[in-house]
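Asks: Here are the chains, one letter per residue:
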Amino acid sequence: MGKELLKGNIAFAEAAIRAGCEAYFGYPITPQTEALEHMSRRMPELGRVFLQAESEIAAINMVYGAACAGVRVMTSSSSPGVSLMMEGLSYIAGSEVPVVLVNIMRGGPGLGNIAPSQGDYNQIVKGGGHGDYKPIVLAPATIQELIDLTFEAFDLAEKYRTIVVVLADGSIGQMMEPAELPPMQPVRAFDGRPEWALTGAVDRTPNVVSSIYIDPVEEEIFNLKLVEKQKQIEAEQVRSHKLWMDDAEIAVIAFGTAGRIAQTAVRDARSQGLNVGLLRPISLYPYPYDSVREVAEQVQRILVVEMNGGQMLDDVRLAVEGRVGVDFYGRMGGVVPLPDEVYEQIQKTYAQRANGR
Amino acid sequence: MTGRDGMVESLIYTKPVSLTERATHYCPGCTHGISHRLVAEVIDEMGRRETTIGVAPVGCSVFAYDYFNMDFAEAAHGRAPAMATGLKRVSPDRLVFTYQGDGDLASIGAAEILHAAGRGENITVIFINNAIYGMTGGQMAPTTLPGQKTTSTPSGRDIEMHGFPLKMCEILSQMDGAAYIVRRSLHDVAHIRKAKKAIRQAFEVQEQGIGFSMVELLSSCPTNWGISAQEALTWVEEHMVPAFPLGDYKVHASINAGKKG
Ligand SMILES: Cc1ncc(C[n+]2csc(CCOP(=O)(O)OP(=O)(O)O)c2C)c(N)n1
Ligand code: SF4
Numbered sequence: 011m012g013k014e015l016l017k018g019n020i021a022f023a024e025a026a027i028r029a030g031c032e033a034y035f036g037y038p039i040t041p042q043t044e045a046l047e048h049m050s051r052r053m054p055e056l057g058r059v060f061l062q063a064e065s066e067i068a069a070i071n072m073v074y075g076a077a078c079a080g081v082r083v084m085t086s087s088s089s090p091g092v093s094l095m096m097e098g099l100s101y102i103a104g105s106e107v108p109v110v111l112v113n114i115m116r117g118g119p120g121l122g123n124i125a126p127s128q129g130d131y132n133q134i135v136k137g138g139g140h141g142d143y144k145p146i147v148l149a150p151a152t153i154q155e156l157i158d159l160t161f162e163a164f165d166l167a168e169k170y171r172t173i174v175v176v177l178a179d180g181s182i183g184q185m186m187e188p189a190e191l192p193p194m195q196p197v198r199a200f201d202g203r204p205e206w207a208l209t210g211a212v213d214r215t216p217n218v219v220s221s222i223y224i225d226p227v228e229e230e231i232f233n234l235k236l237v238e239k240q241k242q243i244e245a246e247q248v249r250s251h252k253l254w255m256d257d258a259e260i261a262v263i264a265f266g267t268a269g270r271i272a273q274t275a276v277r278d279a280r281s282q283g284l285n286v287g288l289l290r291p292i293s294l295y296p297y298p299y300d301s302v303r304e305v306a307e308q309v310q311r312i313l314v315v316e317m318n319g320g321q322m323l324d325d326v327r328l329a330v331e332g333r334v335g336v337d338f339y340g341r342m343g344g345v346v347p348l349p350d351e352v353y354e355q356i357q358k359t360y361a362q363r364a365n366g367r
Numbered sequence: 002m003t004g005r006d007g008m009v010e011s012l013i014y015t016k017p018v019s020l021t022e023r024a025t026h027y028c029p030g031c032t033h034g035i036s037h038r039l040v041a042e043v044i045d046e047m048g049r050r051e052t053t054i055g056v057a058p059v060g061c062s063v064f065a066y067d068y069f070n071m072d073f074a075e076a077a078h079g080r081a082p083a084m085a086t087g088l089k090r091v092s093p094d095r096l097v098f099t100y101q102g103d104g105d106l107a108s109i110g111a112a113e114i115l116h117a118a119g120r121g122e123n124i125t126v127i128f129i130n131n132a133i134y135g136m137t138g139g140q141m142a143p144t145t146l147p148g149q150k151t152t153s154t155p156s157g158r159d160i161e162m163h164g165f166p167l168k169m170c171e172i173l174s175q176m177d178g179a180a181y182i183v184r185r186s187l188h189d190v191a192h193i194r195k196a197k198k199a200i201r202q203a204f205e206v207q208e209q210g211i212g213f214s215m216v217e218l219l220s221s222c223p224t225n226w227g228i229s230a231q232e233a234l235t236w237v238e239e240h241m242v243p244a245f246p247l248g249d250y251k252v253h254a255s256i257n258a259g260k261k262g
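Chains A and B, in that order, give the protein sequences.
Count along the first sequence from 1, add 10, and you get the number used in my numbering.
Count along the second sequence from 1, add 1, and you get the number used in my numbering.
There could be a bad hint or two in this list.
[Claimed, not checked] In silico SDA-like pairs for lysine to any residue, Cα to Cα no more than 20 Å straight-line:
no.: 1; chain 1: B; residue 1: 16; chain 2: A; residue 2: 169
no.: 2; chain 1: B; residue 1: 198; chain 2: B; residue 2: 119
no.: 3; chain 1: A; residue 1: 358; chain 2: A; residue 2: 235
no.: 4; chain 1: B; residue 1: 16; chain 2: A; residue 2: 216
no.: 5; chain 1: A; residue 1: 169; chain 2: A; residue 2: 105
no.: 6; chain 1: A; residue 1: 235; chain 2: A; residue 2: 346
no.: 7; chain 1: A; residue 1: 17; chain 2: A; residue 2: 242
no.: 8; chain 1: B; residue 1: 195; chain 2: B; residue 2: 64
no.: 9; chain 1: B; residue 1: 16; chain 2: A; residue 2: 211
Worth flagging that the hints you see were computed from the coordinates, not collected in a lab.
So that you can see chain A by itself, here it is in the shape it has in the complex:
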């Protein structure tokens, strides 16, 4: 196939198409709208379904309906739109149909702005909608990773019958980078739809897709089933990227765009002779607690960098369990930290490394 210069929003939309996504429902919102526009052109051209919904509420419920029919389906949005989808996502989790969502986060709270942010970490990674559930959450740092994770998201959603969220931010959505798209997969034939799907009860007993268990004991049994599934996901799907950890005395932990900026700062610090390593969590749920723990056992101090007020920081602390001191540097509201700022923080953390917790 070869590399081409691709804009993030177009890249993930096309990756979804290549993964055999049969239907897309969405609503325009900056900074992800190019994805919807790409789908509006490509899906009909391929004989697949594109529909611009009247709201994100409708979009996610259309996604829910199409997912019930057993097709590969997705939506994409940005923070305020994803907030509106929370009700639907909870129903989707409560009925275990596979759905892929891409959230290109922007500055908030409220209408906020259209600049890149990681402010939705807690909302997405911890569930978001009502009830006990967690979607698989994957955080790319490059366009190539955005493509690969979106492509794989459909397999994961179906394997575990769960929601998979690709959690990126406005800079990944908007920037252009050389990347390679996967080859095209055909959409599933009607006859190939899963046996639980609502396809019409031809020669079988009817299927029902519902999230209601009126008897609390039955609801608890269902919840326990979700917990079991989460355990399996936690055993099988943890992903993170370690860099320069061999000789590291301190480590920077950052995901997505913050991870990428941190990588530049860590590289600069290393060139100045500072023994710094980087851990970039890729799966935010399941979170790479073990990798963080290993890092905490090795280094003397940790710096967490995020484009929020310190949301992943809680998960880092859970894994560190007080073994070493944890510093935090965050920019909020759509402000993207510069590598130089992070470099300064690295210097501070490095200077403090012998000072314990």
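For this one, chain A is given, so just place chain B with the ligands on it according to the hints.
Replies: Just chain B with the ligands now, kept in the frame of chain A:
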């Protein structure tokens, strides 16, 4: 029917195959059961049980999927038309219908029903208007009549405070995408027969791909109206029919005039 030996048997009641054997949880005298039966009879008669997918609402009919013997989804409150849209778009040769109460359709789901109609979404909507929120215990619905007492309008719906009932057939018939929008009532046998004809027409409109179809059924809720089953039917006739006039609000030109419900 006449048997071979000349004996005359007449079968006067069978349960539609499109209904399950389960007894419903509906209150005595509630017309939800009648609506279910009419829809099931129509789907039986059209031979479409195995190729129909229903979408249940949140409301008293939330368990409709237990009573209809076909593939079913249970939607979030008011979102059934969006969910049905998703189902229909990826399964265009299946009949897809929603079954929704007035709180579900006309209040929390007003945007979803309006846009499904506007898009001319090729689905059928069975709209149960009982002028009240049944499931949550009798609060005001968007269809509650002026002066009608509910648990959240204890001295009667005050139009100064709560405004006026929404008339969904009148509203949706304004949409170019709507192909068949009619209102019927379930308060007596003659009207129930007319309701069934309309339901048949609505599903045929979908089968022929003409566009969005909705049958509104004026229905009773004796429990939350606080009156007997018989009084409730009389109340439908005397109070609801004048407020929500029966009739055909939109019949697309390509619908066979002779078959009009
Ligand atoms: C988001 C949300 N809000 C509120 C409720 C509570 N609720 C359940 S049913 C209902 C009203 C149902 O009334 P209607 O649609 O008229 O149907 P009926 O019960 O009368 O058949 C409400 C408000 C809910 N389940 N979900
Ligand atoms: S509460 Fe009203 S609408 Fe609900 S089942 Fe009883 S009578 Fe029917």
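Asks: Flag every earlier hint the structure violates by its number, smallest first.
Replies: Going through the list in order, the structure violates hints 1, 2, 3, 6, 7 and 8 and respects the others.
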